Structures are given as C-alpha cells and as structure tokens.
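Novice: For the record, the sequence lines run as chains W and Z.
Residue 220 in this note's numbering sits at position 220 of the first sequence, with consecutive numbering throughout.
Residue 1 in this note's numbering sits at position 1 of the second sequence, with consecutive numbering throughout.
Keep in mind that the hints were calculated from the coordinates and are not lab data.
Given the structure is predicted, the values throughout are model-derived calculations rather than measurements.
All residues carry an ideal CB built from backbone N, CA and C; glycine is no exception.
Check each hint, because a few of them may be wrong.
Claimed, not checked - Derived coverage of chain W by chain Z (criterion: at least 3 residues anywhere in the stretch with Cβ under 8 Å from a Cβ of chain Z; other residues may be distant): (1) 135 to 144; (2) 445 to 454.
As the list claims (entries may be wrong) - Calculated lysine to any residue pairs in the SDA-like style (CA-CA distance at most 20 Å, straight line): (3) W/K294 to Z/S153; (4) W/K451 to Z/S72; (5) W/K289 to Z/D161; (6) W/K451 to Z/Y162; (7) W/K306 to Z/V243; (8) W/K306 to W/M330; (9) W/K294 to W/K451; (10) W/K451 to W/E278; (11) W/K417 to W/E380; (12) W/K451 to W/D272; (13) W/K451 to Z/D161; (14) W/K306 to W/T327; (15) W/K294 to Z/D139.
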Amino acid sequence: MGLRNKGGGRPRARTRTRSRSRTLVPAALAAGLAVIAAGCVPGTDGSGAVQSGGAGGTGGVPDPSKAGNVTLTVWDQEVRGGQNAEIEQLNKEFEDKYPNVRIKRVSRSFDDLKTTLKLALSGNNPPDVVQANQGYPDMVAFVQAGLLTPLDNYAGLYGWNTRYPNTLLNLNRVSADGKQFGTGRLYGISQTGEFVGLYYNKEKLADAGLEPPKTWKEFTDSLATLKDEGELPIQFGNLDQWPAIHTFGVLQDQFGAAETRDTVLGRGDGFDNAHTKEAAALLADWIDKGYLPKDANGRGYDDANKQFADGEGAYLMTGIWVQADLTKPMGDNLGVMAPPPATEGGSPVTTGGQGLSWSVTSKSAHPDVAAAYLDFITNEHAADVMTENGVLPAVPGKAADEVDPDSPDGQMIAAWKRLNENDGLVPYLDYTTPTFYDTVSAALQDLIAGKTSPDGFAKKLQDDYGAFMEKQRGDDAGSEPAGS
Amino acid sequence: MKSLTASYGRRAPGEPRAVGYLYVLPALVIYALFLLVPFGQSVWLSFLHWDGLTRATSAGFDNYSDIFTDPSLRAPFGHALVLLIFYSALPVCIGLLLAAAMSRIRVRGLTFFRTVLFLPQVLAMVVVGVAWQSILAPDGLLNDVLRAVGLDSLARPWLGDYDWALPAVGIVGTWVMTGLCLVLFLAGAQRIPKELYEAARLDGAGAFREFFAVTLPALRAEIAVALTLTIVAGLRNFDLIYVMTSGGPGEATSVPAYEVYHRAFELNQVGSAAAVGVALTVLIFTLTVTVSRLVEGRRS
Numbered sequence: 001m002g003l004r005n006k007g008g009g010r011p012r013a014r015t016r017t018r019s020r021s022r023t024l025v026p027a028a029l030a031a032g033l034a035v036i037a038a039g040c041v042p043g044t045d046g047s048g049a050v051q052s053g054g055a056g057g058t059g060g061v062p063d064p065s066k067a068g069n070v071t072l073t074v075w076d077q078e079v080r081g082g083q084n085a086e087i088e089q090l091n092k093e094f095e096d097k098y099p100n101v102r103i104k105r106v107s108r109s110f111d112d113l114k115t116t117l118k119l120a121l122s123g124n125n126p127p128d129v130v131q132a133n134q135g136y137p138d139m140v141a142f143v144q145a146g147l148l149t150p151l152d153n154y155a156g157l158y159g160w161n162t163r164y165p166n167t168l169l170n171l172n173r174v175s176a177d178g179k180q181f182g183t184g185r186l187y188g189i190s191q192t193g194e195f196v197g198l199y200y201n202k203e204k205l206a207d208a209g210l211e212p213p214k215t216w217k218e219f220t221d222s223l224a225t226l227k228d229e230g231e232l233p234i235q236f237g238n239l240d241q242w243p244a245i246h247t248f249g250v251l252q253d254q255f256g257a258a259e260t261r262d263t264v265l266g267r268g269d270g271f272d273n274a275h276t277k278e279a280a281a282l283l284a285d286w287i288d289k290g291y292l293p294k295d296a297n298g299r300g301y302d303d304a305n306k307q308f309a310d311g312e313g314a315y316l317m318t319g320i321w322v323q324a325d326l327t328k329p330m331g332d333n334l335g336v337m338a339p340p341p342a343t344e345g346g347s348p349v350t351t352g353g354q355g356l357s358w359s360v361t362s363k364s365a366h367p368d369v370a371a372a373y374l375d376f377i378t379n380e381h382a383a384d385v386m387t388e389n390g391v392l393p394a395v396p397g398k399a400a401d402e403v404d405p406d407s408p409d410g411q412m413i414a415a416w417k418r419l420n421e422n423d424g425l426v427p428y429l430d431y432t433t434p435t436f437y438d439t440v441s442a443a444l445q446d447l448i449a450g451k452t453s454p455d456g457f458a459k460k461l462q463d464d465y466g467a468f469m470e471k472q473r474g475d476d477a478g479s480e481p482a483g484s
Numbered sequence: 001m002k003s004l005t006a007s008y009g010r011r012a013p014g015e016p017r018a019v020g021y022l023y024v025l026p027a028l029v030i031y032a033l034f035l036l037v038p039f040g041q042s043v044w045l046s047f048l049h050w051d052g053l054t055r056a057t058s059a060g061f062d063n064y065s066d067i068f069t070d071p072s073l074r075a076p077f078g079h080a081l082v083l084l085i086f087y088s089a090l091p092v093c094i095g096l097l098l099a100a101a102m103s104r105i106r107v108r109g110l111t112f113f114r115t116v117l118f119l120p121q122v123l124a125m126v127v128v129g130v131a132w133q134s135i136l137a138p139d140g141l142l143n144d145v146l147r148a149v150g151l152d153s154l155a156r157p158w159l160g161d162y163d164w165a166l167p168a169v170g171i172v173g174t175w176v177m178t179g180l181c182l183v184l185f186l187a188g189a190q191r192i193p194k195e196l197y198e199a200a201r202l203d204g205a206g207a208f209r210e211f212f213a214v215t216l217p218a219l220r221a222e223i224a225v226a227l228t229l230t231i232v233a234g235l236r237n238f239d240l241i242y243v244m245t246s247g248g249p250g251e252a253t254s255v256p257a258y259e260v261y262h263r264a265f266e267l268n269q270v271g272s273a274a275a276v277g278v279a280l281t282v283l284i285f286t287l288t289v290t291v292s293r294l295v296e297g298r299r300s
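Chain W extracted, bound-state conformation (with noise of 0.2 Å):
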C-alpha cells in the first residue's frame, strides 16, 4: 500500500492523511539516527537475498509450545479503532494458546513504521515479525537486501496456498533475485481485504428518482440525472494528490482490468493505449461536467468524505478504509457495492488488494513461532474475529455470513467475496515502479487541472514505465543471476 511511497496506494495515504502531527517528530528523529546509524558501511551486501528458500519447517507444522520461552518481537501499524482491537484480542488469544510465547507489540502509525523499519530490519536486532509494505519501495527492497525470509515452506505446511486466492498471494511475492514484485517467493501473508467501493447516499438516489446502478452504464447515465437535480454526483478531493489514483484505477479498470494488471506487475504494455488514454479522457469529462467537484484539487480527502457523510454528494468512490468513519453518521443510508460490472449481474472489477504484508525477518531466531503466529492471526477464527470488529478479511469466515446482508458491513462481505471469485481486483497502480506514485499522482493533478490532454497524460506514464522496463532488463543483461 503504499504511496507516496509511495509505495502502495492505500494505507500511505490513509494513515498518513490522519496521523501527520504525530508523524513530524519521530520523522525527524528517525532522520537524525538514520545519520548517526549510517556509521562506517552503508548496506548490506545483499547477500541474504540468494539465500535458499524457506528458513526451516521442513519437519511438518512447528509447534509453538516446544519453542521453550520465546519473545516474539511484532511491529505493525494496526492502530486504528477495530484493527487495534483484533489484533489485541489475537495477540492475546495465541499468548493464552501457548503460554512460553511472549508477544511484545510495537505498534506505530502507518507513517512511522514506514520511516523507522528500515533502519530496524538493517540493524543487528530486528523484529521477529513486521508489517511490510508491498511495491518497490519497500518489501522489494527488504527482499532485495535479503532482510526478509520467504515463506513458501510455511505455505506448504500451513495450506496458505489454498487459503488465499493467487491474485492476492501473488501481490506478497518478490522474484529470487530480489528485483520482480508480483512473482516468485512468498514473503509475507496479509490479513484483511480492500478494495476501492462505489458508496451511495440511499437517499439521494432515491430523491432524484434513482435506483442504486446495477450496470456501469446504469451509474454513468445516473451521475446526469444528478447533475440535472442540482446534487453533485460524486463527491472527490484530491488535495492529498494519492486519492485520484483510486478513482483512475476504477475507470481504467473498466476499460481495460486485465491489461492494467498484467502492467502492473510487469508485464504488460504499459499505458500508451487505447483503456488508458478512454480513462483519462472521461475523467477530464466528469470534471469538465461536473460530476466531479471542480475544485478537487483543492478539496482534502479527509474533508470530501466528511462532506459525503454531511449529504454532499451522492457517490463517493473510494476505500473501504473509510467504512467505518461514514458508517457512524450516515447509518443505513449508506449503501455500498464494487463498482457495477458492464453488464447486469456480470463480473465486477476495480482496484484493491490486501493490507500490509506480515512478513518474518531473516535474522529472527524463531522464524518457527513467527510463522505459527502468522498463521494463527489469519485462519479461520482470526476472520471471524476481525469480522465481530468491523474489520474486512481477507478471506471471510463463518462470522461474515451473519451480518446483515443489507447493513453497509454485510454489502461490503459480499462485493468482496464477490470480486474474488470473478477475480476482479487489479493492484494498486503506484505499485507499477518504484516512482510510479510520484509519476501518477502529478499527472493526474494535471489531468484534473485541465493542463494535460489523455495523450499527454498516457505518454507521461509510459515513459516512467518504458524507463523502469529498460532498467530492470539492462541490470538483468549486466549482472550475473543472483538466485541460488
């Protein structure tokens, strides 16, 4: 996920646009040891990445309680309401299951994980278990400095194989040599779903004689009828310059889903085509007709769902991190759905994936427990937890089938479960190379601002493609092959 990270979309964007005061100091308190912590040798040599794969578990399922007394070292960034609370309980749940195992939690904001993981994973006492974030940036870079153990014997053992559909295992890969994202071994399993949502305000498409869109179509031709009945269609800020990715990604997704990911992860043509090019010309179109605040650039992202959950605005087209938030003020007049499939009762598709990736650390000395516990905040009952505290797993269990199907909760189970079994995610864009979100982000406040044309628009993306694509074959070309 991170962002400006830039790495993926989501999560940078959505702690960070919450959390920013908190984040100045230890930003700047990360920057001054990270001078101090440079001492002589910059790096390591990279050598841990042609490590053989999969640390240990080859004798069947590890069983945790044979450890002796072990401290399992986690960071994460599960701060937040319902995700602090799951996690807390899990933590408990699996100390209580295995009492030698002590879990010391050290949970920071999406922000300050970001900026002090590096300096802990490079350091000679790293975590057990840490939350990485997937793309370029970061979890390929940790693979990349072989900071990071590969899963895929755990996978084996544990089932996960089987547990997550391919489309999201395959957004925790990274190639043996340390430089693909999206293929190769498994570094990490994720806990819980996203996806970029179609919000509705019940009311405001019943005001203006609408039902909720059951075709693409239906929810283009619905966004005049609004325009017409004096409402703004969708409400959107993009001061936060990452939001616009989102809602390009929904557009481009539904001129051309598989295309895009295959870009995404590396091997696809890029954006100078045809889906690219009809994406950004309709959304120029929905700003140029309103149906998009023409201010967006202007408008926070925090403050536009604000104005969503206040009736201002009848769509609002974003993550499903921002449920809960509406949920409260508007109730049951908010209604949900992925975006509505071109034709009726066809396959959805739109932009999301997984949260951060828990992944174990090559210099934990219990890569066994890390594992054990991975799994145990993951399965079944892990989902039916997550599922009693608001939050959306990955993969649903029992516990999803009795929410309400007509809640905003139950609606949002069933568009994932839903986008799943018709494989409709496509990743996150910025996901695309390891500047991508700065490339897009800027280019599609120009595309907002009316200062690029769509050609101009898909030629600035293609050329940071085009130049990562020549970079990644040329290092391929020059070095020899790093995996063992």
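We have chain W; now place chain Z onto it with these hints.
Specialist: Relative to chain W, chain Z alone:
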C-alpha cells in the same frame, strides 16, 4: 593582542585566555556529537548512491550535479527563494511599518496587540498548517468571505491551484513571521533616545524622513536578526508543506526540506537526499552570512 605568546601573569585583565576554551568544552562536545558529526556523515552520504539497505556505491559529484540539472530538484530551490519573499521580506517590511507607526502614535492596549501578533510564533507549525488548510479550502473561510463581498471571481481552491498554491502557503509564513519581526523592532525602537526624534522634528523632518533618518538606522541590528531568523525559517520550511500540500499540486510547492524527507524515506534515495540537505545548509549559511555582513555591517 600581540601578547598572546606572553605568560598569563602579564596579561591585562579581560584579555582572552586559553582557559576559556575549557569553559565551552561541554557545550562544544554536545554540539559536535549531535550536529557536527551527523553533518559530516550527511556530507559523506551525499557522495554515495545508497537506497538505505543494500551496499552503497560511490556517486562522485552526481548527486550535486543533479541539483543543477534535474528540474525536479532545481524547482524546489526556486520555490524556496520565492517563499523567502513571504517569509522574510514581507514580515520585515510590515514589522518596520507597524513599529514606526507605533513609535509615533500612542496605541492603547499595546501589550494586547503585541501579544496577539506574536501568538502565531507560539503555535506548533502543524497546528498552523491544519488551521490554514481549512481557511484556504474551496468552501473555507477565505472563499466564503470573498463570495460574501461579491468577489466570486477571485474565489478558488487556493491550495489546488497551480499558480496560487505557493503564494497561499507563503502568506501563512508571513502571518507567522510578522509578529516576531514586530516584537523585535518594538523592543529596538524603545531603545532609541526620544531626543533623536525631537531633534529630527525640530529640523522639520516629516514622518517619512524621520523613519529613514532615525528609526531605520537605529534598528539595523534588529533587522539583521529578524532577517536571519526568517530566512532560516523560510528555507528549512518542511512542516507547513508536509501538512498543507505534500508539495502539490503537481510539484508546485515542493521545497528542498520536503524533498530531503521525500527522497530519503519515500524514494529510498538517501544519497540524493543528503546532497539536497547539504546544499540547503550551504545556501542558508551563505545567505545568513551575507545578511550579517551587509545589514549588520559586522566585519570579521
């Protein structure tokens, strides 16, 4: 001074003695440990290509030449210089104007106004940023006021406008820094002997003449201090940008200090970040030395 080699015993009282260094030693050690050593390491890092994790490779002067050739690095320095107008030039001018006015007119409740004007200095910049973000929002206070007085055409999403975002952030700096300048100048103005003003008036000087002949020269030292403080604050501006615009829209408000953070922690380009940091330090140092030479008239 020629007796430096002479024995301490024959030294005149008050003459510098080497033992003075012993007194500053504790402070010097702390200063070296927390400022000079990290700075040296930053300089060293700036000559490397390093992602923060894997083995670094030597970069020579690449990271520095990038600052001049890469538009995405050159632009932030340009923005920082524009911000100096708002952070430094405007507050000093406004502060001088107010101080001159207050020295002529007796203002009732001066303490109150002084406190109010100084208040922004006391607030954390993050608080200032959040407050101004909402004032400058599309439906914020500023646009509401403009619309209420019929100036609808001027209302705009200030922080999302490519041409206005930088001045909008700059105005916040003016708001914060003016109080500091004013308080400095008022303190300085109180020191000016009343006789000077009387003499000037007897010679027939108007308010204008009086300001340039008496107030301005007398405040020379205060102006130098105010310029130094505001220039430093303007150039190392990070928090306001981070909170208000993240450098956007596009790259319209990116500044060097933000670029250091962005490159080191978000793009994994530690060497480049260090080079920007060192360049920024050199720029600040050059400007402040220039100010103290020109304005304060200090000679080494």
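Novice: Checking each numbered hint in turn, tell me which of them this model violates, lowest number first.
Specialist: none
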